[in-house]
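K.L.:
Chain by chain, the residues run as shown.
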Amino acid sequence: MSSQNNNQNASLLEVEELTMRFGGLLAVDSVALSIQEGQITSIIGPNGAGKTTVFNCLTGFYKPTAGSIRFKGEDIAGNKNHEISRKGIVRTFQHVRLFKNMTVLENLLVAQHRHINTNLLSGLLKTSSYRRTEQEALDHAAYWLERVDLADMANRDACNLAYGQQRRLEIARCMVTRPTLLMLDEPAAGLNPKETAELDELISDLRSNHNVSVLLIEHDMKLVMGISDYIYVINQGTPLAEGKPEDVSANDDVIKAYLGEA
Amino acid sequence: MTQSKAFNALIPAVLFLLLSIPLMGLQLNQGQIIPTVTLQDNSTLVGIAFSTGFIFLFQLVREKIPFNGSSISNLISSPAQRVPSLHKHDSFKKILTVLLIASLFIWPLFSSRGAVDLGIHILIYVLLGLGLNVVVGLAGLLDLGFVGFYAVGAYGYALLNQYFGLDFWTCLLFSGALAALFGFILGFPVLRLRGDYLAIVTLGFGEIIRILLNNWSGLTGGPNGIGQIPPATLFGIEFSRNASEGGTTFHELLGISYSGSHKVIFLYLIALVITLLTVWVINRLRNMPIGRAWEALREDDIACQSLGMNKTTIKLSAFTIGAMFAGLAGTLFAARMSHISPESFTFIESAMILAIVVLGGMGSQFGVILAAIIIASLPELVRDFEQYRMLMFGVMMVVMMAWRPQGLMPMKRPHIEMRKKELEERAHEAPEATNTRKAQAA
Numbered sequence: 001m002s003s004q005n006n007n008q009n010a011s012l013l014e015v016e017e018l019t020m021r022f023g024g025l026l027a028v029d030s031v032a033l034s035i036q037e038g039q040i041t042s043i044i045g046p047n048g049a050g051k052t053t054v055f056n057c058l059t060g061f062y063k064p065t066a067g068s069i070r071f072k073g074e075d076i077a078g079n080k081n082h083e084i085s086r087k088g089i090v091r092t093f094q095h096v097r098l099f100k101n102m103t104v105l106e107n108l109l110v111a112q113h114r115h116i117n118t119n120l121l122s123g124l125l126k127t128s129s130y131r132r133t134e135q136e137a138l139d140h141a142a143y144w145l146e147r148v149d150l151a152d153m154a155n156r157d158a159c160n161l162a163y164g165q166q167r168r169l170e171i172a173r174c175m176v177t178r179p180t181l182l183m184l185d186e187p188a189a190g191l192n193p194k195e196t197a198e199l200d201e202l203i204s205d206l207r208s209n210h211n212v213s214v215l216l217i218e219h220d221m222k223l224v225m226g227i228s229d230y231i232y233v234i235n236q237g238t239p240l241a242e243g244k245p246e247d248v249s250a251n252d253d254v255i256k257a258y259l260g261e262a
Numbered sequence: 001m002t003q004s005k006a007f008n009a010l011i012p013a014v015l016f017l018l019l020s021i022p023l024m025g026l027q028l029n030q031g032q033i034i035p036t037v038t039l040q041d042n043s044t045l046v047g048i049a050f051s052t053g054f055i056f057l058f059q060l061v062r063e064k065i066p067f068n069g070s071s072i073s074n075l076i077s078s079p080a081q082r083v084p085s086l087h088k089h090d091s092f093k094k095i096l097t098v099l100l101i102a103s104l105f106i107w108p109l110f111s112s113r114g115a116v117d118l119g120i121h122i123l124i125y126v127l128l129g130l131g132l133n134v135v136v137g138l139a140g141l142l143d144l145g146f147v148g149f150y151a152v153g154a155y156g157y158a159l160l161n162q163y164f165g166l167d168f169w170t171c172l173l174f175s176g177a178l179a180a181l182f183g184f185i186l187g188f189p190v191l192r193l194r195g196d197y198l199a200i201v202t203l204g205f206g207e208i209i210r211i212l213l214n215n216w217s218g219l220t221g222g223p224n225g226i227g228q229i230p231p232a233t234l235f236g237i238e239f240s241r242n243a244s245e246g247g248t249t250f251h252e253l254l255g256i257s258y259s260g261s262h263k264v265i266f267l268y269l270i271a272l273v274i275t276l277l278t279v280w281v282i283n284r285l286r287n288m289p290i291g292r293a294w295e296a297l298r299e300d301d302i303a304c305q306s307l308g309m310n311k312t313t314i315k316l317s318a319f320t321i322g323a324m325f326a327g328l329a330g331t332l333f334a335a336r337m338s339h340i341s342p343e344s345f346t347f348i349e350s351a352m353i354l355a356i357v358v359l360g361g362m363g364s365q366f367g368v369i370l371a372a373i374i375i376a377s378l379p380e381l382v383r384d385f386e387q388y389r390m391l392m393f394g395v396m397m398v399v400m401m402a403w404r405p406q407g408l409m410p411m412k413r414p415h416i417e418m419r420k421k422e423l424e425e426r427a428h429e430a431p432e433a434t435n436t437r438k439a440q441a442a
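Keeping their order, the protein sequence lines are chains A and B. Each residue of the first sequence is one higher than the last, beginning at 1 in full-length UniProt numbering. Each residue of the second sequence is one higher than the last, beginning at 1 in full-length UniProt numbering.
So that you can see chain A by itself, here it is in the shape it has in the complex (with noise of 0.2 Å):
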């Protein structure tokens, strides 16, 4: 409970009065999280309660209307995604979005691009600067694949692979570039009861082994109940509760927004 105590004073992310308007619709009004290193946060909520906008706005998709997020103490809500990702917060989508028609391998090492030397002369002449670092993003790819028990797939298309390979290939894809913050959107959509297991299992490893602290969002109650440290609740864009597991579970509010009232 101790390292608890020390991430209370400098917590990883921190959001406040996040407001996001499309036009006339306020799709997510004045959410705040607080997101601990070495912990899972989940964010759950009814469907279209605006929990992907969430995620959408902390990655730099949209540009939020109206809130601060700041992440290690550092401002970043408006910038652009591919900076925000370099900063070490990758996510996954509900829908995968893989390199369909790359291979498995090339899907990692695509990840790891501003981990090459990516100067073009250096690239071309082969340089051994070039070759180390090169090979050095193909051990780390190979790394992860045995961790994900994809590393016989490696030379396969990546659009050939089971769904669960590759909702599997994309944490890989989003480790390889050695985050900070992991975010999920709905990691279990689509996956059996069996897969599920394996995921939480794959999740909780992250947490523990990897160094990274993971922001998820899903629908699967079992999972987020016995995965995360702490909940977020959503409903119709506005916070509805938060809390640890058991708290949220036994919140009236909650169960009336997923069950409606009597």
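Don't take each hint at face value.
Said to hold, decoys possible - Here are the simulated DSBU-like cross-link-like pairs (lysine-lysine), alpha carbons at most 35 Å apart as the crow flies:
| no. | chain 1 | residue 1 | chain 2 | residue 2 |
| --- | --- | --- | --- | --- |
| 1 | A | K222 | A | K100 |
| 2 | A | K63 | A | K80 |
| 3 | A | K87 | A | K63 |
| 4 | A | K72 | A | K100 |
| 5 | A | K100 | B | K311 |
| 6 | A | K244 | A | K222 |
| 7 | A | K222 | A | K194 |
| 8 | B | K412 | B | K5 |
| 9 | A | K87 | B | K311 |
| 10 | A | K126 | B | K412 |
| 11 | B | K93 | A | K100 |
| 12 | A | K63 | B | K311 |
| 13 | A | K100 | B | K94 |
| 14 | A | K100 | A | K194 |
| 15 | B | K93 | B | K412 |
| 16 | A | K244 | A | K63 |
| 17 | B | K94 | B | K412 |
| 18 | A | K80 | B | K412 |
| 19 | A | K126 | B | K94 |
| 20 | A | K126 | A | K80 |
| 21 | A | K80 | B | K311 |
| 22 | B | K412 | A | K100 |
| 23 | A | K63 | A | K100 |
| 24 | A | K126 | B | K93 |
| 25 | B | K5 | A | K100 |
| 26 | A | K194 | A | K256 |
| 27 | A | K72 | B | K311 |
| 28 | A | K126 | B | K311 |
These aren't lab readings, by the way, just hints derived from the structure by calculation.
Starting from the known structure of chain A, fit chain B onto it as the hints suggest.
P.N.:
Relative to chain A, chain B alone:
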């Protein structure tokens, strides 16, 4: 399986037959008042029959030929027995490539001036195809105004030579750089565009350049174009009959009699070297981070950005590098024709180059080269059928798109071997990770 294989092999053979009989097997007799069409002599027909048989057999056994190290059978077989062919056939492939390149260098010495000139023509199209392949095939940016950069390259040489008297080699560098600059400039307004919108803007750009060249008579000579563009020189040695003031000519230097084909062969060799260099450079680029980034942008630009890649630089680099090769091709074109005018750079040229890329197989270098050879040489080889040229072209495109939409030689994904040893060491370094997993699994 065997039946469908035979059928699959039959299709290209029949296609070949359908195309070659009207294109090569018929003869137009124009001597009489009413031209008649007769069959060609027997040797041509036998040749067509043999070629058809060869295509059928080749398609039948194609999968067993370890081309590029990966065939369909490799994909299906178990992982344990995958990947054997790559290294085994490496040396064989190398020898074959060296022989092929050597023969490309030697053959003009033994053939006619017209054939070598056609060779230059084909090489120019190969260069254009390879350049557009970067933009369309790899980066997935549909560019319908590619001919604009070709025009920039050609006029770059013509104008720099006319006004500043610069020679071919200096202009080659300048034109390449100038076309690249134009590609870069075009890149900016289209950064936000995709698909159809991008195609329309690039189409407009190509037309703007052509119309500018056509109407800016003071600078470019308008529709009359620019003439008397000098051919290339070899370290100041000229290939003309009579040396200019203070110059030396090639035939005087070697003490041989003058022949007009010397300069054609020389330009062919230049074009060949540039093309080979281009093939090498693009091949390297494809396997470098920038090449992978282009392809990733084609596959999914949103995922690309979410992984920290800057869409702007990737797009601009594709436009710039593709345009540079078109600029080089343009300079060669100007040197070959010695007279250029805006009508050489109409939209139909852009469409032709795009057809080369699509026909060859998007992203595939070998396919694009093959398609460039076919598309650039066919009209020249069957001049007698000039009126039916576009008809043939249309039929070919329709048939190809219906039967083989992926192109003649679809792009092969590079097969990369991982170092297994390193992998095991890494696994030992992080045993706690595996242990936790095992524990949780149990």
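K.L.:
Name the hints, by number, that the structure is in violation of.
P.N.:
No numbers; nothing is violated.
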